[in-house]
Amino acid sequence: AQSVTQLGSHVSVSEGALVLLRCNYSSSVPPYLFWYVQYPNQGLQLLLKYTSAATLVKGINGFEAEFKKSETSFHLTKPSAHMSDAAEYFCAAKEAGTALIFGKGTTLSVSS
Amino acid sequence: EAGVAQSPRYKIIEKRQSVAFWCNPISGHATLYWYQQILGQGPKLLIQFQNNGVVDDSQLPKDRFSAERLKGVDSTLKIQPAKLEDSAVYLCASSLSNLITGELFFGEGSRLTVL
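If you read the sequences in order, they're chains F and V. Numbering (our numbering) for the first sequence: 1 to 112. Numbering (our numbering) for the second sequence: 113 to 227.
If we strip away everything but chain F, and leave its shape as in the complex, we get (with noise of 0.2 Å):
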């Protein structure tokens, strides 16, 4: 069966320091994968996909990630954190013919 895992439900950077968000995937066939953010008392956005067509994807405000198939993983990074990037981060999966499944989460901090 499908799953996703968000390794570190909380992380905390400095402004300026390095992003790493890390997401793991469960899946028979690799899946197409999403990050979406989540800033309090919104709906969720999307902030970048793979659908097959290139292992590193450029995302929204920053944000890239990068589909590692011997890993089974995908996971978002931002060089340089800026306060508006506090928020929750969540990791998907999809396969054909199933629903969009979501990891629990992870909530980045970021410090002056």
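Rather than coming from a laboratory, the hints here were simulated on the basis of the structure. Just to be clear, a hint being listed does not mean it is correct.
Unchecked claim - Here are the computed lysine-lysine pairs in the DSBU-like style, where the Cα-Cα straight-line distance is at most 30 Å:
1. V/K156 x F/K68
2. V/K174 x F/K104
3. F/K104 x V/K195
4. F/K104 x V/K127
5. F/K69 x V/K156
6. F/K104 x V/K123
Chain F is fixed; fit chain V onto it per the hints.
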């Protein structure tokens, strides 16, 4: 372009009472989803509609939850009777199609507290 609209934003009820949530998807979006997001967890799909037909309701607790999408546009999600464990944010999302790569657009959610 208007986003996905949901109401009410907040609702507090006592257990065994009933509650209904409403969702208006983005105009032209054929696919509509209801997700349940319990505190500390990722969203979990409750039901997916394609136009006004149900595509997937395998995780909908049908003894207490019901949902409909009349005329293939607006949708309502009802809980009757509510239990304490139903306390969660109920997210509505829509997409242009149910293609695997189709982006889901989410509403701000309806937060339910069951006392």
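So, going through the hints one by one against the coordinates:
Among the hinted pairs, V/K156 with F/K68 is consistent with the structure: their alpha-carbon atoms are about 25 Å apart, no more than 30 Å. Between V/K174 and F/K104 the CA atoms are separated by roughly 24 Å; this keeps the pair inside 30 Å, and the hint holds. Between F/K104 and V/K195, the direct Cα distance comes to roughly 22 Å. Compliance with the 30 Å bound is thereby established for this hinted pair. For the hint linking F/K104 to V/K127, the alpha-carbon distance of about 26 Å falls within 30 Å, and the restraint holds.
Taking the CA atoms of F/K69 and V/K156, the gap is about 25 Å. The hint holds against a cut of 30 Å. At roughly 24 Å between alpha-carbon atoms, F/K104 and V/K123 fall within 30 Å of each other, so this suggested pair holds.
The structure shown violates none of the earlier numbered hints.
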